[in-house]
Structure formats: C-alpha cells, structure tokens
Amino acid sequence: MRGHRDGARGGEGDRGQVAVEFLGMVPLILLTLALLWQVVLVGYTYTLAGNAADEGARACAVGDDWGAAARRHIDGAWNVSEVSCAPGGGMVNVRIKVDVPALVPGLGGLFPVTAEAGAVQEEPTP
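Residue numbers (the working numbering): 1 to 126.
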C-alpha cells in the first residue's frame, strides 16, 4: 500500500503539464489555420476570376459592356487590376487579373490570378 502512495505523489509533479504543452502548441495551431485559410482564399479567387472571365466573354460576344459584366461577378473586396476583351477570328477572348487577398479580403494582394475565357462572336440578326 505504501508503494501505491509513493507512486501517486510522483505523478503530482506532472500536474499542469498538458496545459503547458497545449499553450506551446497554440501558435503552431493558429499558423496552420491561417495557412489553410489562405489556401481557401487562393482557390476562391481562382473561382471568382474564372466566372468573371466567362461572364465578360458572353457579354463581349453579344456586344454588351463586357467590363461591367466581368466586374459584377467579382466581390468588392477583391481587387481587379485588369480586364480586357480581344475580338478576332469570329471569337472574343476576355482576360481578367484579380489579386489574391492576404488573409482578409480587401487588405491588398499577395499575387495576381489571371483567368481567360472565350466565346463565339455573335452577329446581330436583321
């Protein structure tokens, strides 16, 4: 029985160790979450840019305001640095460049994402 008590006292020296280890891991956990969030923002920016390029190409193909059509499909927190439409050869090609935000949309960009889309140019019917 005496050995049991000695063993119990030896374990008391470890009290709080889990809390100390958890506090040591908190910065690593937060950094991992921030990196995962940044990856989500990169993917979402690619999705927004691709959709905006498609919509701009559709508008350009029928002679509408392709710049406004492309920008309408980008959230206001994302910075659009370039939108261009190049008709030629019966096709229209729209290119859009959107900056990937740094952790919070609207806080500047890490790098630009470029998306391109094309559509057949439509002739007006008489």
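Do not take every clue at face value.
What the hints assert, rightly or not - Taking CB as the label site, the calculated pair distances span:
1. Asp-14 / Leu-35: 29 to 37 Å
2. Ala-77 / Phe-22: 31 to 39 Å
3. Thr-114 / Leu-33: 27 to 35 Å
4. Pro-87 / Leu-36: 39 to 47 Å
5. Ala-77 / Arg-15: 26 to 34 Å
6. Ser-84 / Val-26: 42 to 50 Å
7. Pro-27 / Gly-88: 47 to 55 Å
Everything labelled a hint here was simulated from the structure, so no lab data went into it.
For every residue, glycine included, the Cβ atom is placed at its ideal position computed from N, Cα and C.
Run through the hints listed earlier and report the numbers of any the structure violates, in increasing order.
Those not satisfied come down to hint 5.
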